[in-house]
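Undergrad: Sequence:
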Amino acid sequence: MIKISYSVTLVRLRKSKNISQKAVAKALLVSRPTYLSWEYGSGDLPLSKLFLLSNYYELSVHVIIQMIFEESKINLRQEDLDFAILKNDLYRIKQVLEKYL
Numbered sequence: 001m002i003k004i005s006y007s008v009t010l011v012r013l014r015k016s017k018n019i020s021q022k023a024v025a026k027a028l029l030v031s032r033p034t035y036l037s038w039e040y041g042s043g044d045l046p047l048s049k050l051f052l053l054s055n056y057y058e059l060s061v062h063v064i065i066q067m068i069f070e071e072s073k074i075n076l077r078q079e080d081l082d083f084a085i086l087k088n089d090l091y092r093i094k095q096v097l098e099k100y101l
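Going by the UniProt record's numbering, 23 is the number at position 23 of the sequence shown; the sequence numbering is gapless.
FYI, nobody ran anything at the bench for these hints, they're computed from the structure.
Some clues are possibly wrong.
To be verified - In silico DSS-like pairs for lysine-lysine, Cα to Cα no more than 27 angstroms straight-line:
1) K49 with K17
2) K26 with K49
3) K49 with K99
4) K99 with K87
5) K49 with K87
6) K22 with K49
7) K26 with K15
8) K49 with K94
9) K15 with K49
Unchecked claim - What follows is a list of derived Cβ distance ranges for each label pair:
10) L101 with N18: 49 to 55 angstroms
11) V61 with Y100: 18 to 24 angstroms
12) S48 with K15: 20 to 26 angstroms
13) T34 with K94: 26 to 32 angstroms
14) V63 with R32: 33 to 39 angstroms
15) R92 with K17: 15 to 21 angstroms
16) K94 with D44: 35 to 41 angstroms
17) S31 with K99: 27 to 33 angstroms
18) K94 with K26: 34 to 40 angstroms
19) Q21 with Q95: 20 to 26 angstroms
20) Q66 with K26: 22 to 28 angstroms
Here the structure is a predicted model, which means the values were calculated and not measured.
Ideal placement from N, C-alpha and C gives every residue a C-beta, glycine not left out.
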């Protein structure tokens, strides 16, 4: 499994706009300590928060994901990214279905 680090991207985006951690946390509807855990790479960034980040920084989700991959030194083709997202979605669907079967 590839470890993708998004902490550098979060810090770079925030500092490029001269925004406080508290302001970003508020925009993402989380506490400052939760946001800090993402910047430090010790917490998992939910996909829903990636969409909020996209809106907050007025960047497409695709651009943010590309930034994350570039800063993680990972070069994935779009097809590989689409497959990874689909595979993750299928895994989550399977987990939900197993609860009810």
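Undergrad: Are the hints correct? Go through all of them and say.
TA: Okay, the hints, checked on the actual structure:
no. : hint                              : verdict
1   : K49 with K17                      : holds (18 angstroms)
2   : K26 with K49                      : holds (11 angstroms)
3   : K49 with K99                      : holds (26 angstroms)
4   : K99 with K87                      : holds (19 angstroms)
5   : K49 with K87                      : holds (20 angstroms)
6   : K22 with K49                      : holds (15 angstroms)
7   : K26 with K15                      : holds (16 angstroms)
8   : K49 with K94                      : holds (23 angstroms)
9   : K15 with K49                      : holds (18 angstroms)
10  : L101 with N18: 49 to 55 angstroms : holds (51 angstroms)
11  : V61 with Y100: 18 to 24 angstroms : violated (30 angstroms)
12  : S48 with K15: 20 to 26 angstroms  : holds (23 angstroms)
13  : T34 with K94: 26 to 32 angstroms  : holds (28 angstroms)
14  : V63 with R32: 33 to 39 angstroms  : violated (25 angstroms)
15  : R92 with K17: 15 to 21 angstroms  : violated (32 angstroms)
16  : K94 with D44: 35 to 41 angstroms  : violated (19 angstroms)
17  : S31 with K99: 27 to 33 angstroms  : holds (29 angstroms)
18  : K94 with K26: 34 to 40 angstroms  : holds (35 angstroms)
19  : Q21 with Q95: 20 to 26 angstroms  : violated (32 angstroms)
20  : Q66 with K26: 22 to 28 angstroms  : holds (26 angstroms)
Hint compliance for this structure: hints 11, 14, 15, 16, 19 are broken, all remaining hints hold.
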